[in-house]
Structures are given as structure tokens and as C-alpha cells.
Amino acid sequence: MMNWDIISEFVDSTRLWAALSLWVICFGFYFSYKRLSEWIAPPWKKEMNQQKQETDKE
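Numbering (full-length UniProt numbering), first residue to last: 1 to 58.
Just to be clear, a hint being listed does not mean it is correct.
[Stated by the list, open to error] DEER-style ranges, computed between Cβ atoms:
1. Thr-55 <-> Tyr-33: 27 to 35 angstroms
2. Asn-49 <-> Val-24: 33 to 41 angstroms
3. Trp-4 <-> Tyr-33: 37 to 45 angstroms
4. Glu-38 <-> Leu-16: 29 to 37 angstroms
5. Ala-18 <-> Gln-53: 48 to 56 angstroms
6. Phe-10 <-> Gln-50: 56 to 64 angstroms
7. Thr-55 <-> Arg-35: 28 to 36 angstroms
8. Arg-15 <-> Gln-50: 27 to 35 angstroms
9. Val-24 <-> Asn-3: 28 to 36 angstroms
10. Gln-51 <-> Ala-18: 27 to 35 angstroms
11. Asp-12 <-> Asn-49: 49 to 57 angstroms
12. Thr-55 <-> Tyr-30: 53 to 61 angstroms
13. Asp-56 <-> Trp-23: 53 to 61 angstroms
14. Lys-34 <-> Asn-3: 41 to 49 angstroms
Since the hints were made in silico from the structure, they are not lab data. All values reported here derive from a predicted model rather than from experimental measurement. Idealized CB from N, CA, C, for every residue including glycine.
Using the sequences and the hints given, assemble the complete structure.
Written as C-alpha cells, this is what we have:
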């Protein structure tokens, strides 16, 4: 009986850790992607805005 308690506890904890790690990986990937796009985007956005302003002036 004691063994089953340990096994069920182990299974539950591994499921919990799997779900938690999956959530962390997804959140981390999303967060890093958002951060990267924020870092990479501004120069492109600035260039696009400058080009827009130049074409608007013409």
C-alpha cells in the first residue's frame, strides 16, 4: 500500500512538473520572441517612418 502512495505521488508530481515546465518554456519562448522583436523592430520602424516622411514631403 505504501509503495502505491509513493508511485501515485511521483506520477502526480511528474505530471505537475511537466505541465509547469511546458508552460515555462512556452512563456519563455513567447517572452523572448516579444523582446527580440522589440529590439529588432525599432530600427526598421524608424527607417520605415523616415521613408514615409520623405515620400510624404515629396
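**Message:** For a quick check of understanding: which of the numbered hints are violated here, in increasing order?
**Reply:** Violated: hints 8, 10, 12, 13.
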